[in-house]
Amino acid sequence: MNIIIPMKRVPDTAIQIAVKDGRVLLEEVETWVINPYDEYAIEEALRLIERQGEGKIIIVTIGPEAAQETIRKALAMGAHEAYHLLDDAFEQLDPLGRARVLAAAIEKIGEYDLIWPGFKGVDNDEGQTGVMMAEFMNVPHVSTAITVEEVADGHAVVKVEAEGGYRRVRVPLPAVITQTQGPHEPRYPTLRGIMGAKKKPLTVWNADDLGVDRDELEPIVEVLNVERPPARKAGRILEGEPDHVARELVRLLHEDAKVI
Amino acid sequence: MADLALVVAEHQEGKPKKITYEMLTAARSVAEELDAEVGVLVMGHDLDADALAEDMGARGADVLFVADHPDLKEYAAEPYAEVIRQLIEEEEPVLVLFGMTPAGRDLAPCVAAKVEAGLASDITGLEVEEGELYIKRPIFSGQAIATVRITRPPALVTVRPNTWAAAPTEQDEAADVEEVDVDELPENGIEVLAVEAQESTRPELTEASIIVAGGRGLQGPENFHLIEELADLLGAAVGTTRAVVDAGWRPYEEQVGQTGKTVSPQLYIAIGISGAIQHVSGMRTSRYIVAINKDPEAPIFKLADYGIVGDLFKVVPELIQAIKEYREQEP
Ligand SMILES: Cc1cc2nc3c(=O)[nH]c(=O)nc-3n(C[C@H](O)[C@H](O)[C@H](O)COP(=O)(O)OP(=O)(O)OC[C@H]3O[C@@H](n4cnc5c(N)ncnc54)[C@H](O)[C@@H]3O)c2cc1C
Ligand SMILES: Nc1ncnc2c1ncn2[C@@H]1O[C@H](COP(=O)(O)O)[C@@H](O)[C@H]1O
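Those protein sequence lines, which keep their order, are chains A and B. Heads up: the first sequence begins at 1 in the numbering used here, then just goes up one per residue. Heads up: the second sequence begins at 1 in the numbering used here, then just goes up one per residue.
One chain only, chain B, in its complex shape (with noise of 0.2 Å):
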């Protein structure tokens, strides 16, 4: 019998989000080489088990498994890591891979203490050679890259956003079902008093494919509506420095940095950003990098794809234009 290489799909009231994708694309790129079957697994209550399978079908999966429960309504580390400690007993999968997301990063190193596996987090690569996984890690905030090895199964891995496509296949196949017995599920008592969230109709910072980011070189808080602004006409995300939050001119959810957000997304602007070496480490495997600074000799240049030295003050308006005008060109 096949393997089994095992993604804990992340959703949202049922639809899944692009890391689950993009961890499936992950799967699927070393499946054949472990001898493995894709499968997934969508926790949840009141899912509709047809529409995942035709969905996770399309991207991949071979088998969907559905633990559908109400204490699994919302995530929950201790009753999740329960599902998965369960199913990892019964299917005894090779790989498990989880999203390096909020909930992912709190989930796998519960799941791994339960079943005492190996863990590598934040991943950026998967090869298999002569039946061997070898995984790549970014170390010291990407100074370095680290191969490492997980050396009894189950490797667990935690999958950063935004490295691998979140591609369909050519597969029109829906996934073949299981469902998840989900008896008890513990509880760890902890009690939320209250949530203040701002809906943002921007994209999630470490998920979003355009990050225009203001440092310090903005002046204050009120001349952010420039970066705002063309944040809103890319369909970008908000990104900052800890100068700005220190300052507190911007929250800290936007810091971009060692000791804030590791994003990789496809397009990064920085504008009037210096390029400290702990805040290049939270974006430098972004795949362009754009800098407008004033100072010619701004560290951030050496990483920039494209630079334009000069005062933001006036070249980002003219950006904000120009796209302005690009778009009424070709809609």
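Only chain A is shown next, with the shape it has when bound in the complex (with noise of 0.2 Å):
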């Protein structure tokens, strides 16, 4: 079984970006992270892996040079090999594009069960590049799975986020599954792992490579602008004992801010 992640590397997510010029300083990022996703994908994947006690992860990344160091911590992680998509013509990418390009190089590695990205990287928020990935591929999707509970005889099992509770579905393979908060923290890797991700393959694709027109890349999704968020007014802190608060706070709400 193979299984393909497609996976994006991003701001450490407890740092506050920094905006300037219409833009994000990302060049002032210091730590880059696995997306959260990715990296609920990643460790379900292992774990899945374990169970069916065959299996193999590819990780495939679209990204700059220093986008390696991500690929090695999920190498380290423990998946098996990995895919860096580095060309010019990919650093403005819209997700149309990205899907294209990750497309084009999960049908170049030819052989795969499970596409299992997550469900949105959490530096643009979009959320939109695993569908779209699926529709070019033609293969069905499922989105925002909490796990991969199963495969067998050609198909997948997967345990998906509804409201109020979950659904348990059966998908044909090869499917594109997007991967929300699974339920188990992901894994730090280990000495050993680190050591031995240093020997796991790792290749490097450009557009070429993967037979990509770079004019159809082209975004259609354009930025014109980033901004701060207009700053929330200073808020009040109530004092006093808990009755007479309580009761101060019921009637802000109400004549003031009328929101009960």
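Hints listed in this document are in silico derivations from the structure and should not be mistaken for laboratory results. For each residue, glycine too, the CB sits at the ideal point set by N, CA and C. Possibly wrong hints are sitting among the right ones.
[To be verified] Reference excerpt, derived from the structure (chain B facing chain A, CB under 7 Å, subset only): (1) I150; (2) Q258; (3) V315.
[As the list claims (entries may be wrong)] Chain B stretches covered by chain A per the calculated footprint, using a threshold of three residues with CB under 8 Å from any CB of chain A: (4) 103 to 110; (5) 136 to 146.
Hints in hand, dock the two standalone chains.
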């Protein structure tokens, strides 16, 4: 069983990003991490393979040179091999462009059962790439999976987020399954994992290797400006005994805010 | 002929959901400047087109497209996307609006890929200048707002709930009904084996006008009755933090934040929540924020419109009491 995980790196989620001159200063980001949803996908995929007793996890990343560090982290967690898609033409992709490039890479890898991206990247918060890939590759997709419980007879049984609970669906493979927050905290790489990752195969492909036309990658969604959101007005701290502040709060919510 | 701004409706057994009305408000806010009519597409089975035409008309829709077919009874990406693909081909809308909801966020990228159109996700603003549409959307979990443009029509967007008002218009004319011919619909071979959903009497988290959220400060699942009682008193949804979900005290679907739900209610009451950046990113656009926390240095107070520094086990029961009293005074 081949599991392909499209994985992107994002700025550390605990930092404030810097915004200046109408753009995000990504060059000032010091720590990059695996996109949290992709990390959950890796964790669930590792567990699936352990349960099934066989399988291989292949990481595919579009990103700059420096993304290799993040790819190595995924290999250190236990993924088996990786493809780094690196080309100047990949620098300004919109989700359609990303999906096209990823789909081309996966077709070139050739053998795949599950394509398991995150449900969204927590950088631009788009949440489009996975479903678009499925369309381009003409395979079914399941959005916001909690986990893949089982793979058998050319099908996957997937537990999916649903209002007020979950659904369990059976999807024919190959398929795209987008991962939401999983039930298991993603593992930290062990020292042995980190050492081993250095020896795992990592292939770099550019647009020519993938046979994608650079002109087709022009973004249709253009970012014109980025700014900070308007600051919130300074709030009010209510002081006094609990019964007093509680009553005061109810009054303010009713009379000033008019929300209750 | 006028252009078209098309709203892809969501409904429950023929009754439009709030997000549908909000999308109509959003579409209407730019329709005139785009020189566009407002259309709304309702997909389903056994729909009452006349009742819908009246309701949608009152909300400002000029045209109601109805796609009625047994295969459209329940939401599924492939058949729904195929209907929209056909309609986009025939009507060539300039703008297509979906809800940023479980169905909408699944459907929109599917359609975008089929018609190779640009899609802006989770939008919070629409403006037109000199006939050009400018779209605002939060990025980096709301740490920044991007203005984007989609360089060729149709522009596809998913609309963040609770951002536009669900207000009716002055208009009392029913929308013109156009039936959409539905031929063969594709399937995807996905089989639903089980649905385990608890019927909740509380509103859906992303749609709720009020959310009462409890964090690790509650000290255990047994104390969440305080949160639930306050929520029920206010007709609110219950939210929580990842720390609580990871501890197994509350289910993941209640999690608010970067890897949980993004919410934007009128009122968000954060109780025993520190206000970590990953939590705040999911709720910072709430209109009013109340924080109850015993630590005056908790970062959540930086965001709060009203803050109470104190022990939640003392404050929340008083708050429940105060609301009950106030309800009795003002029925
Ligand atoms: C990649 C990533 C993604 C994440 N995504 C999310 C997410 O989606 N949502 C999310 O919420 N978190 C998320 N987190 C976790 C986040 O960083 C915090 O750990 C979490 O939000 C903290 O939850 P908390 O506020 O309930 O707990 P704590 O930070 O432990 O805060 C508890 C608060 O309760 C107060 N308190 C304690 N006792 C009382 C009392 N008796 N009365 C009043 N106040 C009291 C304390 O003063 C404290 O401020 C994510 C983290 C990472 C790394
Ligand atoms: N640059 C990228 N390289 C590899 N995978 C990506 C990239 N961008 C997005 N993805 C995948 O698509 C998912 C959704 O991302 P997005 O549409 O950007 O929000 C991510 O969780 C990844 O699995």
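What hints, given by number in increasing order, does this structure fail?
Violated: none.
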